[in-house]
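> So you can see what is in the structure, the chains are spelled out below.
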Amino acid sequence: MTDRPVSEMTFEEAMAELEQVVGKLERGDVALEESITLYERGAELKKRCESKLKEAEEKVAAITLDDEGNPAGLKPVEGQ
Amino acid sequence: MSDLIDDPSPGKNEPEFTVSEFSNAIKRVIEGEFGHVRIRGEIGRVSRPRSGHVYLDLKDDRSVLSGVIWKGVAARLSVQPEEGMEMVATGRITTFGGQSRYQIVIEDLKPAGLGALMAMLEKRKAALAAEGLFAPERKRKLPYLPEVIGVVTSPSGAVIRDILHRLRDRFPRKVLIWPVAVQGEKCAPEVANAIRGFNALEPGGRIPRPDLLIVARGGGSIEDLWGFNEEVVARAAAASDIPLISAVGHETDTTLIDFVSDKRAPTPTAAAELAVPVRLDLLAWVEGQGARMSHAAGQGIAARGQRLRDLARALPRPQTLTEGAAQRLDRAGERLPAALITGVQRRKVRLSEAAGGLRPSTLRRQIGQERRHLAALAPRLPAGLLQTIRARRDALGHRADRLTLTPITRDIARKSEGLQSLARRVAEAGQRRIAETRRRLDALDRLHETLGYKATLKRGYAVVRGEAGVLTTKSAAERAGALEIEFQDGRLKIGGGTTSKARKPGKPPEQGSLF
Chain A
1 MTDRPVSEMT FEEAMAELEQ VVGKLERGDV ALEESITLYE RGAELKKRCE SKLKEAEEKV
61 AAITLDDEGN PAGLKPVEGQ
Chain B
1 MSDLIDDPSP GKNEPEFTVS EFSNAIKRVI EGEFGHVRIR GEIGRVSRPR SGHVYLDLKD
61 DRSVLSGVIW KGVAARLSVQ PEEGMEMVAT GRITTFGGQS RYQIVIEDLK PAGLGALMAM
121 LEKRKAALAA EGLFAPERKR KLPYLPEVIG VVTSPSGAVI RDILHRLRDR FPRKVLIWPV
181 AVQGEKCAPE VANAIRGFNA LEPGGRIPRP DLLIVARGGG SIEDLWGFNE EVVARAAAAS
241 DIPLISAVGH ETDTTLIDFV SDKRAPTPTA AAELAVPVRL DLLAWVEGQG ARMSHAAGQG
301 IAARGQRLRD LARALPRPQT LTEGAAQRLD RAGERLPAAL ITGVQRRKVR LSEAAGGLRP
361 STLRRQIGQE RRHLAALAPR LPAGLLQTIR ARRDALGHRA DRLTLTPITR DIARKSEGLQ
421 SLARRVAEAG QRRIAETRRR LDALDRLHET LGYKATLKRG YAVVRGEAGV LTTKSAAERA
481 GALEIEFQDG RLKIGGGTTS KARKPGKPPE QGSLF
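If you read the protein sequences in the order shown, they are chains A and B.
In this text, residue positions in the first sequence follow the numbering used here: the first is 1, and each later residue adds one.
In this text, residue positions in the second sequence follow the numbering used here: the first is 1, and each later residue adds one.
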């Protein structure tokens, strides 16, 4: 298990760890105390995954360039 | 025309041209004759001044033709001229009277057939491959779920629409479009600049830095796609820190950027599919994991509960543990009063037996017996005492006889002999010590003599003194009134005066001051 707080994990990290937690619980060879801790950790990871999945927001912008071809700002792109 | 120039005979009625008139005449002929030509040749030196016009040479193994591509035409060319490339130029010939030169003004420039173009591309590919830019270990893993996707493409057209559409279907994300020309002269520099520009964005800056790039263009002819074969684009893509997907042309088209990108997508739509996972699938997966986890945890608890019940059944009832003991207690309790009564009765019987023998006559008989015994012993007491005193006195007399002075005087004599011997040894040791010290003193004295300045006097040195003490310099001696020279055997005084020659050097002052 990584030491990073779940709230800072990327979706992929949280996903990988959730898979591990489920695997351990399903094997059923952990002590009861530990299985409770695991379950809590799993619930937290699942929440992290779900929140990353809910962050599915489409936002499209085009970069505007100055005369030298450097990015100057953003302009929203509509109706694509 | 050569007649006009070469005819040497003077005086003939032939027109005379000024140089400009002649230049113009040539211009008319040449430009009239070659108003539209197609010339095939290898590109020689190419120069691109800031004006935007392109100057180049077309050549074959014997001749060279200068050419110019005006700025507007150059921007439209799909394939930019490059030294060594076999190309066909279409245009017109103009003369340049000021320098007696002619050149072609190129209106279109195309590679001399697909073969020439592909040969060029193969050459570049080989060069970049030799640098290791295509190595599989250079390819980076695409992020599983990028937050911001940077797309380098034309802002209008089907490509960006396809990408956005597919992203929306799968997993809507933040998308930044960096608009570029996707064909023509500007294509390559703009695409390269866009890739570098996205990489140069600061993480957390005003414009968010993408964590994935897509460089995309729709299908077209090989000339249309040529910008993506340019080295500058390939190098920018290879240098990108942000993982990059290339999606240029159709599935059958492969451009140079595809070799250096981290992933090649056959179409822009496919690029979007490579870029993000399907959100609904992931949601379902997370749900599934949650369900499996709850089930597994519940299962774990249920299994433990079952086990607990099974064990509890095997456990004996608490009463069975105490029943035996309780029974023994009851039995003991019942026997207790009877046992007590029996014990008391037994003791009562022994008491009455002992009381039976206890009478005054028994006691009196015993007292009488003891009194008789005492009366028999009393007369023997005084005689015994006198006998004991006598015996002690005799013993004292024996001891006093043995007490004499002889052992004490013997001891005194022995110890006084020891004292005398010790006194002798002390005196001898003192003598030895004095003699030893004397010897060392003599030796030191001799050493002192040799080290002192007096010994050097024996070797021919002398000490010169003035009134103020030892003199060591000539000038001090000249100043002194009177001198005294010390030799080995005495001192010689020399009165005042200035006789300073033939004087031996004095002792060094530090040695003199020792005395």
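I should point out that these hints are in silico values taken from the structure, not numbers from a laboratory.
Mixed in with the good hints, there may be bad ones.
No more than 20 Å apart at the CA atoms, straight line, and that leaves these computed lysine to any residue pairs for SDA-like [what the hints assert, rightly or not]:
no. : chain 1 : residue 1 : chain 2 : residue 2
1   : A       : K54       : A       : N70
2   : B       : K174      : A       : E44
3   : A       : K54       : B       : F96
4   : B       : K27       : B       : F96
5   : A       : K47       : B       : P146
Simulated DEER-style distance windows between Cβ atoms [claimed, not checked]:
no. : chain 1 : residue 1 : chain 2 : residue 2 : range
6   : B       : A112      : A       : R4        : 57 to 65 Å
7   : B       : R161      : A       : Q20       : 50 to 58 Å
8   : A       : I36       : B       : V278      : 32 to 40 Å
9   : A       : V30       : B       : V278      : 30 to 38 Å
10  : A       : E58       : B       : A129      : 35 to 43 Å
11  : A       : K75       : B       : S23       : 53 to 61 Å
12  : B       : E82       : A       : G73       : 34 to 42 Å
13  : B       : R138      : A       : Q20       : 28 to 36 Å
14  : B       : L311      : A       : K54       : 42 to 50 Å
15  : B       : E33       : A       : G73       : 54 to 62 Å
16  : B       : M118      : A       : G73       : 36 to 44 Å
Footprint (simulated), chain B over chain A, 3 or more residues, beta carbon under 8 Å [unchecked claim]:
no. : segment
17  : 8–16
18  : 21–28
19  : 50–61
20  : 67–76
The beta-carbon is built from N, C-alpha and C at its ideal position, and this holds for glycine as well.
> Of the hints given before, which are not true for this structure?
1, 2, 3 and 7
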